[in-house]
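A.B. asks: Sequence:
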Amino acid sequence: MAWVSLIAAGFFEMFWATTMKLSEGFSKLNYSLLTVVGMIASFYFLAKALHSLPMSLAYPVWTGIGAVGSILIGVLLFKDRLSLVTIFFVMLLITGIIGIKFTSGH
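Counting in the numbering used here, the sequence shown runs from 10 upward without gaps.
Treat the hints with caution; some may be incorrect.
[To be verified] Restraint-style ranges between C-beta atoms, simulated for each label pair:
| no. | residue 1 | residue 2 | range |
| --- | --- | --- | --- |
| 1 | Lys37 | Phe111 | 21 to 31 Å |
| 2 | Ser65 | Leu101 | 11 to 21 Å |
| 3 | Pro69 | Ile49 | 17 to 27 Å |
Since the hints were made in silico from the structure, they are not lab data.
Since this is a predicted model, take the numbers as computed values, not measurements.
Here a beta-carbon is modelled for each residue, glycine too, at the ideal position from N, C-alpha and C.
Using the sequences provided together with the hints, build the complete structure.
C.D. replies: Structural data, given as structure tokens:
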């Protein structure tokens, strides 16, 4: 169950990063409120995961899910462009997240 909470925390991190972008500097109230709700949910699920998982595992996986997910959302929703070098480093990040998961023993 800790891994489900951790993945949920990562998805809520992607959510709040996206709604923060859509809030246009917190000038749009609806998106600003959604940002705060997403932040609270992300921290809540991270805290739940930390009951069972070590911080040295949970924190990098949480930030990694948020980072990679935000990159994908940026490309798909906001039409961000990535260079081949950037794509290479995103792939390294994904490899690192998977590696941490499989070598952690949890």
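A.B. asks: Which of the listed hints are not met by the structure?
C.D. replies: Going through the list in order, the structure violates hint 1 alone and respects the others.
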